[in-house]
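> First to last, the protein sequences are chains A and B.
Residue numbers for the first sequence follow UniProt numbering, beginning at 1 and rising by one.
Residue numbers for the second sequence follow UniProt numbering, beginning at 1 and rising by one.
Hints listed in this document are in silico derivations from the structure and should not be mistaken for laboratory results.
Treat the hints with care, as some may be off.
Which bits of chain B does chain A cover? Going by a derived footprint, with three or more residues having C-beta under 8 Å, they are [said to hold, decoys possible]:
no.: 1; region: 146-156
no.: 2; region: 181-188
no.: 3; region: 200-210
no.: 4; region: 216-225
Straight-line distance between alpha carbons at most 20 Å, and here's what the computed SDA-like set of lysine to any residue pairs gives [what the hints assert, rightly or not]:
no.: 5; chain 1: B; residue 1: Lys190; chain 2: A; residue 2: Gly70
no.: 6; chain 1: A; residue 1: Lys73; chain 2: B; residue 2: Phe215
no.: 7; chain 1: B; residue 1: Lys190; chain 2: A; residue 2: Lys190
no.: 8; chain 1: A; residue 1: Lys190; chain 2: B; residue 2: Pro74
no.: 9; chain 1: B; residue 1: Lys73; chain 2: A; residue 2: Arg196
no.: 10; chain 1: B; residue 1: Lys73; chain 2: A; residue 2: Asp193
no.: 11; chain 1: B; residue 1: Lys190; chain 2: A; residue 2: Gly304
no.: 12; chain 1: B; residue 1: Lys265; chain 2: A; residue 2: Leu269
no.: 13; chain 1: B; residue 1: Lys190; chain 2: A; residue 2: Gly69
no.: 14; chain 1: A; residue 1: Lys35; chain 2: A; residue 2: Ala47
no.: 15; chain 1: B; residue 1: Lys190; chain 2: A; residue 2: Glu151
no.: 16; chain 1: A; residue 1: Lys265; chain 2: B; residue 2: Thr251
no.: 17; chain 1: B; residue 1: Lys265; chain 2: A; residue 2: Glu276
no.: 18; chain 1: B; residue 1: Lys190; chain 2: A; residue 2: Pro74
no.: 19; chain 1: A; residue 1: Lys265; chain 2: B; residue 2: Pro273
Computed from a prediction, not measured in an experiment: that's the story for all the values here.
For glycine and all other residues, C-beta sits at the position ideal for the given N, C-alpha and C.
There are 2 protein chains.
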Amino acid sequence: MSLPRIAVDAMGGDEGVRVMVEGAALARRRHDQFKFLLVGDEKRIAAALDTHPGMRGASEILHCEDVVGGDEKPTQALRRAKTTSMGLTVNAVKQGEAGAAVSAGNTGALMAMSKLALRTLPGIDRPALAALMPTLGDNDVIMLDLGANTEADARNLVQFAIMGAAYSRIVTGLAEPRVRLLNIGTEETKGTDALRVAAAQLQAATGLALSFDGFVESDKINRGEVDVVVTDGFSGNIALKAIEGAARFVTDLLRSAFTSSLRSKIGFLVSRPATELLRHHLDPNNHNGAVFLGLNGVVVKSHGSASAAGVANAVTVAARLLEEDLTHRISADLAELGEARLRASNGNGGAK
Amino acid sequence: MSLPRIAVDAMGGDEGVRVMVEGAALARRRHDQFKFLLVGDEKRIAAALDTHPGMRGASEILHCEDVVGGDEKPTQALRRAKTTSMGLTVNAVKQGEAGAAVSAGNTGALMAMSKLALRTLPGIDRPALAALMPTLGDNDVIMLDLGANTEADARNLVQFAIMGAAYSRIVTGLAEPRVRLLNIGTEETKGTDALRVAAAQLQAATGLALSFDGFVESDKINRGEVDVVVTDGFSGNIALKAIEGAARFVTDLLRSAFTSSLRSKIGFLVSRPATELLRHHLDPNNHNGAVFLGLNGVVVKSHGSASAAGVANAVTVAARLLEEDLTHRISADLAELGEARLRASNGNGGAK
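Next comes chain A alone, as it looks inside the complex:
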């Protein structure tokens, strides 16, 4: 079976066409079966393709001139869903002209357009934005929601847990990823009502392909002891950016410490392979590509400031989720949860 092509919004991102096309080309160098629908200004895309001859035959261009602005309100952008590169990229997935969409544009607008065009999966009330982060362990950790929903009730959190676990199974290969709810303590009494109710429901659920074990605090996210961290979009966004900011803070301090004396400058040069390793491990481009989970289709958000290598990662994430049929996996898990509830309401919920 050949992989459906990937629609790429060539106009999104801080640097636009050049980086998006170069990123797609880079991804294709590693996976030569990738095919693309490149959406945006035809001339600029064609010019960018000139420097990547291998991409020519693997790409079709869908021309449009309108672009969603970085600061534009989602409601405003939504009105131009039929004319903007972002809107047409998402629409290609809806029409079956592409299997997945990648955009580095305005997150809120991408969310709104994706929701409107692709709709949420049956059983999902709200999609969530999920991303991978590095850990001290062997596997990356997935955190969701990262900002698609400012608030989330218990029902949303349970759905996020199921969606996050499905994503984690694909990237880690684990049969039952370790899922935790983000909270300000691990005791049962901690946090909001929504968290406590969601914890009780996940604790009671049977038949789900995940291992739930209560709460995790935000200082443990990157220890490698948890595979999926579930939270509302406000707290998730706060935690993600706090981690990014603190990592940058420490590496900035390290840089200024290393340049504070001749001796430490020499030490830096000698230990360069070590600090390069660290830099590589922390480079956000290596973890680029946040996924909107819970839609009838795969939509991946590339960071606005991602490099071509970062875009290549986002494209590869989209292809992988398409190939592994993420959407269908989530639906199957939701059906399982629904049946478990039915069994429970028929009075034999205790029977596994």
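Given the coordinates of chain A, work out where chain B should sit on it, guided by the hints.
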């Protein structure tokens, strides 16, 4: 004017009496006017004092045997406010037998006991927990609330801003600390209703000794561009622990990178002064001492795992807030806000 003595819960913290007494002694070595009321098991405190002869004449022991457990629920601990070392430490401030209280025990219990014994200041609905964090700039940043209130409405947030600014003026010496509300974006439309309403109120307020300029995202907390970060206790706790966890994650990665080869081990040895500088800058003990703001009295929470140096910092924070009359400063600012509101409701709010 001699400083009122400081009540220290000698039984709190992971290591208990020895570290608490050593911490107090260390603080006194830097400020020899400090006097203490040490609350807890008389024999163990006396034994600890034996190794710090200078402390003898500066300390009185208040004996008690009961101790609040680390995992105890606040409501449960509250019933033993009259018999536990934590309860008696706080009570000493209420009775005027000490000017400030320091404890390394259970945070929730300390909050509940402090609130009950000391009550909130007129005009403050809820106290908040505030702490200092290092930045890339010249001054530390203050963040509050860090977990005293799982939720906060606009009115609470405005009060937190005023309390945080009063604290910041004392530690930074700035006349108008830069105050921001923690949010998931800097645009006016971002976040919860409570945040938007609080921002509008702080924007409109005049005569406050602070400079308010909207929202800050959590990746900017430690950049040195903000002096006070205001948030609800849930998000604040998530952000604080995420920063602590990420800093530890990066330094752990750095350690394993440095030990990955002989070359990098040598580099590490050569650049040791640089990495020591980093370690010192990030050592939580150097920023130990979270303050409960908004009470009729000074209560400082030392981290449960703080070293003697950390406890000494917490004691010094308590002494400083006492000396600079934090409580009175907050009251004065609240009165100013009240008068500004009055002026506004009389129709001349624009006149400064």
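> Which of the listed hints are not met by the structure?
3 and 7
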